[in-house]
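The primary structure of each chain is shown beneath.
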Amino acid sequence: DGGITQSPKYLFRKEGQNVTLSCEQNLNHDAMYWYRQDPGQGLRLIYYSQIVNDFQKGDIAEGYSVSREKKESFPLTVTSAQKNPTAFYLCASRETGKNEKLFFGSGTQLSVL
Amino acid sequence: KNQVEQSPQSLIILEGKNCTLQCNYTVSPFSNLRWYKQDTGRGPVSLTIMTFSENTKSNGRYTATLDADTKQSSLHITASQLSDSASYICVVRSGGYNKLIFGAGTRLAVHP
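Chains as they are written, first to last, in the working numbering: chain A, 1 to 113; chain G, 1001 to 1112.
Just so you know, the hints here were simulated from the structure itself, not pulled from any lab data. Built from N, CA and C at the ideal position, the CB exists for glycine as well. You may find that some hints are simply not true.
[Claimed, not checked] Partial list, computed: chain A residues near chain G (C-beta under 10 angstroms): (1) Tyr35; (2) Arg44; (3) Thr79.
[What the hints assert, rightly or not] Now the stretches of chain A that chain G is said to cover, found in silico as 3 or more residues with beta-carbon under 8 angstroms: (4) 36 to 42; (5) 46 to 58.
[Unchecked claim] Capping the alpha-carbon separation at 25 angstroms, the derived lysine to any residue pairs in SDA-like fashion look like this: (6) A:Lys71 to A:Glu100; (7) A:Lys71 to A:Leu113; (8) A:Lys101 to G:Lys1017; (9) G:Lys1001 to A:Gly42; (10) A:Lys70 to G:Cys1019; (11) G:Lys1017 to G:Asp1084; (12) G:Lys1099 to A:Thr86; (13) A:Lys83 to A:Ala61; (14) G:Lys1037 to A:Gly97; (15) A:Lys101 to G:Thr1056; (16) G:Lys1099 to A:Ile51; (17) A:Lys57 to A:Glu24; (18) A:Lys9 to G:Lys1001; (19) A:Lys57 to A:Glu72; (20) A:Lys83 to A:Leu113.
Can you build the whole structure from these sequences, using the hints too?
Here you go:
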């Protein structure tokens, strides 16, 4: 099955702890994205990567970090500097060609203990 | 400021009934508008895309319209089913793919 896999589904963070959210895709897409979804708000872009070994900050990058060492993988680390990390995190990859669209993973719900 | 506003915020309808969801946007430049369906606890899935020159597009029981002059789009669902219960998100692209503006969504509940 082709698609995007996010893990874990649920994650809990303690005060001062860094946590990493996994995102893997086997769609052979170059571009990948991380979004944050809060209740009653639209998705907001955290980081994106157009190609391996390159990534750019989105609108709300503070307190987050990413890496893109492989085409298939785009992990997101929520650092202790992110003071309000509780949210639903969505990873996506982008299909190229006419009418490109995003394919989303099933998300990770991060909560603070 | 680029914005996408959706209404209503939530909606309850009976199975078999029709409904229309609204999306108003103030985005410039405009590239395209896409509707997504998001089931609870899942990622969004694309339903349809509207470009500047398109007025209407259908995908099964879903019909999207776009009025580029008034900057409004609608998503009409015909003969609703229980499986239509989800959030419907309107997304406008303004330039590159790092310039997607997401609406907050309309939460639809279809009751038997």
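Problem - Hinted pair Lys1017 (chain G) and Asp1084 (chain G), Cα distance within 25 angstroms - result: Holds: Lys1017 (chain G) and Asp1084 (chain G) sit about 11 angstroms apart, inside 25 angstroms.
Problem - Distance restraint between Lys70 (chain A) and Cys1019 (chain G), which requires alpha-carbon spacing of 25 angstroms or less - result: violated, 44 angstroms
Problem - Lys71 (chain A) paired with Leu113 (chain A) [C-alpha distance capped at 25 angstroms] - result: violated, 33 angstroms
Practice task
Would you mind confirming whether the straight-line C-alpha gap from Lys83 (chain A) to Leu113 (chain A) stays at or under 25 angstroms?
Solution key: holds, 13 angstroms
Practice task
For the pair we were handed, Lys1037 (chain G) and Gly97 (chain A), check the Cα-Cα distance against 25 angstroms.
Solution key: holds, 22 angstroms
Handout entry: 25 angstroms Cα cutoff - pair Lys57 (chain A), Glu72 (chain A)
Key = holds, 19 angstroms
Practice task
Mind checking the alpha carbons of Lys71 (chain A) and Glu100 (chain A) for me, to see if they're no more than 25 angstroms apart?
Solution key: holds, 18 angstroms
Handout entry: Proposed interface contact between Thr79 (chain A) and chain G, which counts if any beta carbon pair is under 10 angstroms
Key = Since chain G brings no Cβ nearer than about 22 angstroms to Thr79 (chain A), farther than 10 angstroms, the hint is violated.
Handout entry: Interface restraint verdict for Arg44 (chain A) against chain G (beta-carbon cut-off 10 angstroms)
Key = Nearest chain G Cβ about 8 angstroms off; hint holds.
Exercise for the section: Compare the distance between the alpha carbons of Lys1099 (chain G) and Thr86 (chain A) with 25 angstroms, and conclude whether the hinted pair is satisfied. Expected result: holds, 24 angstroms
Handout entry: Hinted pair Lys1001 (chain G) and Gly42 (chain A), Cα distance within 25 angstroms
Key = holds, 15 angstroms
Handout entry: Given hint Ile51 (chain A) paired with Lys1099 (chain G) - CA-CA distance at most 25 angstroms
Key = Holds, because 17 angstroms separates the two Cα atoms, which is no more than 25 angstroms.
Hint compliance for this structure: hints 3, 7, 8, 10 and 18 are not met, and every other hint is.
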